[in-house]
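Here the protein sequences come in this chain order: A and B. Mapped onto this note's numbering, the consecutive letters of the first sequence carry residue numbers 30 to 310. Mapped onto this note's numbering, the consecutive letters of the second sequence carry residue numbers 12 to 201.
Just so you know, these hints were derived from the structure itself, not from any lab. Don't take every hint at face value.
[Unchecked claim] Label pairs and their in silico Cβ distance ranges:
1) A:Gly217 x B:Ala139: 55 to 65 Å
2) A:Asn31 x B:Lys193: 25 to 35 Å
3) B:Ser46 x A:Asn228: 28 to 38 Å
4) B:Asp131 x A:Gln293: 53 to 63 Å
[Said to hold, decoys possible] With a cut-off of at most 30 Å between alpha-carbon atoms, the simulated DSS-like pairs for lysine-lysine come out as follows:
5) A:Lys67 x A:Lys53
6) A:Lys249 x A:Lys192
7) A:Lys67 x B:Lys20
8) B:Lys66 x A:Lys67
9) A:Lys256 x A:Lys174
10) A:Lys230 x B:Lys20
11) B:Lys82 x B:Lys69
12) A:Lys249 x A:Lys53
13) B:Lys20 x B:Lys66
Only a predicted model underlies this, so the values are computations on that prediction, with no experimental measurement involved. Using N, Cα and C, we set each Cβ at its ideal position, and we do this for glycine too.
As a plain string of letters, each chain reads:
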Amino acid sequence: MNCRQFEEQITSAVDQYLQGDDRKEFYDHAFRCPQCRKAFERERFIKTLLQRRLRIVQTPHEISHAIVAETGSTDPDALLHSLQAPSPRSHRTARFFLAVAAVFVLGFLVVSSPSPDSSPLSAQRADVIAQSAAMYAGLLAGWMKPQISSAEPEVLEAFFEGKTGFPVHVHSLRDYTPVGALLNEASGVPLAHLVYTSNGKTVYIYQTCWNTVQDGRKLKIPDQVKKTLCAGRPYIDESFDGRTFILWTEGRTLCGAIARMGQQDLLSHLPLAEASLPGAR
Amino acid sequence: MKAIGKTSKQREFESEALPHADLLYNYALRMTNNSADADDLVQETFLKAFRFWDKYEKGTNIRAWLFRIMKNSYINRYRREAKEPDTVDYDEIQNFYNTIRDESADSHDAQDSAFGNLLDDDIATAIADLPEDFRTVVILCDIEGLTYEEIAEFLDCPLGTVRSRLHRGRSLLRTRLLKYAKDRGYAVEG
Chain A
30 MNCRQFEEQI TSAVDQYLQG DDRKEFYDHA FRCPQCRKAF ERERFIKTLL QRRLRIVQTP
90 HEISHAIVAE TGSTDPDALL HSLQAPSPRS HRTARFFLAV AAVFVLGFLV VSSPSPDSSP
150 LSAQRADVIA QSAAMYAGLL AGWMKPQISS AEPEVLEAFF EGKTGFPVHV HSLRDYTPVG
210 ALLNEASGVP LAHLVYTSNG KTVYIYQTCW NTVQDGRKLK IPDQVKKTLC AGRPYIDESF
270 DGRTFILWTE GRTLCGAIAR MGQQDLLSHL PLAEASLPGA R
Chain B
12 MKAIGKTSKQ REFESEALPH ADLLYNYALR MTNNSADADD LVQETFLKAF RFWDKYEKGT
72 NIRAWLFRIM KNSYINRYRR EAKEPDTVDY DEIQNFYNTI RDESADSHDA QDSAFGNLLD
132 DDIATAIADL PEDFRTVVIL CDIEGLTYEE IAEFLDCPLG TVRSRLHRGR SLLRTRLLKY
192 AKDRGYAVEG
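Whole structure, please, built from the sequences with the hints as guidance.
Here it is in C-alpha cells:
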C-alpha cells in the first residue's frame with residue numbers, strides 16, 4: 030500500500046470498516062509511515078472528540094407530549110416509554126477516547142519525578158517482577174523512552190507483530206488511552222512494554238512469554254507467584270511504595286500492570302475476568 | 012395505561028415511528044444548532060409523517076423515511092433563510108481542503124491538546140458551520156452512530172459518496188476547531 034492508497038482508506042479505517050488483508054496492509058503502512066499515521070490519527074481524533082463531547086440528547090418530554098396530542102393519541106405515557114428505546118449511539122462501543130498526541134507521552138515521561146526505586150535493578154534481570162518495576166521506573170524517570178508513540182491499538186499491535194513469539198495484547202483499559210510502546214529483551218527473551226495515560230496518571234503494562242517464565246531458566250518468578258498464576262488467579266502486590274503491581278496470564282502471555290493507585294482502582298481499569306478476583310497475596 | 016379509542020393508525024405510528032424520535036431530534040439539534048428550532052422541526056416531521064402514514068411502505072426502513080421527511084422540512088424551513096447554496100461546490104471545497112491540509116500538516120499533534128479546552132458549544136457551532144452535505148454525514152456517523160449503509164440510504168447516494176463526504180467533513184471541522192482554539196489562545200503556533 031502506498032501513501033495515496035492509504036489516504037483513500039483513512040475514513041474506512043477510522044470507522045472500522047477495513048477487514049482482512051486491507052486492514053493489515055493499512056496498519057502496516059501506518060506503522061511504517063509516520064506522516065500517514067498522523068493523518069489517520071487526526072481524522073480519528075475528530076471522530077473521538079465528537080463522540081465524547083456531543084452526547085445524544087433525549088427528545089424533550091414536552092415535544093413528545095405535543096406530538097402525541099397533535100396526532101390524537103390519548104396515551105402520552107406510552108409515547109414516553111417508546112422514547113426510552115435505546116438510541117443508535119448506545120449500540121456503539123465506547124472504545125475510543127481522547128487520543129493523546131505523542132508529544133504528551135514523551136513530555137509526560139520526561140517531566141515526571143523519578144521514583145525512589147529508579148535504578149535498573151540489573152542484578153535481578155531474570156526476575157520478572159524486578160524487570161517490570163525497573164522498566165516502570167525507567168519510563169517515569171525518562172531514561173527509557175517509547176520506541177513508538179501512538180494512541181491507536183492497531184498501530185501498537187503492528188509494532189509488535191512477528192517480533193515476540195507470543196501474542197502481545199494491546200488492551201482497552203477503562204478510562205485510559207494507550208500512548209506508546211517499547212520492545213526489548215532479557216536473556217534473549219522479548220519483553221513488551223505499553224504505557225497508558227489518563228489525566229496525567231500512568232498505567233504501565235509489561236508482557237512476556239508465559240511458557241518461558243514457567244520454564245524458569247531465562248526468566249523467573251517466585252514459586253508462590255507462579256502457583257497463584259497457574260491456578261488462574263492474578264498475583265497482586267501493593268508493597269511498591271504506593272504503587273500496585275498485578276500479574277496475570279492470558280494464554281501464552283504473562284501480563285503485568287503497575288500504577289500509582291490502589292489495588293481496587295487498578296483492577297477496575299484492567300480487563301481481568303471477575304471470576305478470577307481477588308487474588309491478593 | 013391502556014389507551015381508549017386509539018385508532019390502529021395511531022397505535023402503529025406510536026410503535027413504529029416514535030421510537031426514532033431521539034435520532035431525529037439530535038439530527039435537528041445539530042443541523043439547526045438551536046433547541047427551539049429543533050423542537051419545531053421534530054414536531055413538524057412527526058406531524059407530516061402521521062399525516063402521510065398511509066404512504067409509508069410497511070417493512071421498509073422507517074428511519075430513512077422519517078429522515079427524508081425531516082430533511083425536506085429542514086430544507087423548506089431553514090435553508091432559504093440561511094441563504095445557503097442548494098448544492099455544495101465540491102471542487103471549491105476540495106481545493107480548500109487541500110490547501111489547509113498542506114498548511115497545517117506539521118503542527119497538529121501539539122494542537123490536538125487545544126481542542127480539549129474548547130467548549131461543547133464551540134464544537135456544536137463548528138459543526139453547524141459546515142456545508143450542509145458534510146454536516147449531515149458527520150452528524151449521522153459520528154454523533155448518531157449510523158452505518159455508512161444507513162446514511163447512504165437516508166441520503167439516497169452511493170457508499171463512496173458517504174465516505175468521501177465524511178473525510179472532507181472531518182477535515183473541514185478540524186480546521187474550524189483549530190481556528191477556534193487559536194482564537195482563544197489555546198493552539199500552539201505552527
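Could you see if the CB distance from A:Asn31 to B:Lys193 stays within 25 to 35 Å?
holds, 33 Å
Range first: 55 to 65 Å. Now tell me if the beta carbons of A:Gly217 and B:Ala139 are that far apart.
holds, 58 Å
For the pair we were handed, A:Lys67 and B:Lys20, check the Cα-Cα distance against 30 Å.
violated, 53 Å
Distance restraint between B:Lys82 and B:Lys69, which requires alpha-carbon spacing of 30 Å or less:
holds, 21 Å
Does B:Lys20 sit within 30 Å of A:Lys230, going by the straight-line distance between their CA atoms?
violated, 56 Å
Would you mind confirming whether the straight-line C-alpha gap from A:Lys249 to A:Lys192 stays at or under 30 Å?
Holds, at about 21 Å.
Note whether the CB distance of B:Ser46 and A:Asn228 lies within 28 to 38 Å or breaks it.
For A:Asn228 against B:Ser46, whose Cβ atoms are near 31 Å apart, the range 28 to 38 Å holds.
Pair hint B:Lys66 and A:Lys67, alpha-carbon separation not exceeding 30 Å
violated, 48 Å
Can you let me know if the beta-carbon spacing of B:Asp131 and A:Gln293 is within 53 to 63 Å?
violated, 32 Å
Would you mind confirming whether the straight-line C-alpha gap from A:Lys256 to A:Lys174 stays at or under 30 Å?
Distance ~33 Å between A:Lys256 and A:Lys174 Cα, so the pair is violated.
30 Å limit on alpha-carbon distance, applied to hinted pair A:Lys67 and A:Lys53
Holds, at roughly 17 Å.
Is it true that the CA of B:Lys20 sits at most 30 Å from the CA of B:Lys66?
holds, 12 Å
The structure fails hints 4, 7, 8, 9, 10 and 12 (numbered hints given earlier, in ascending order).
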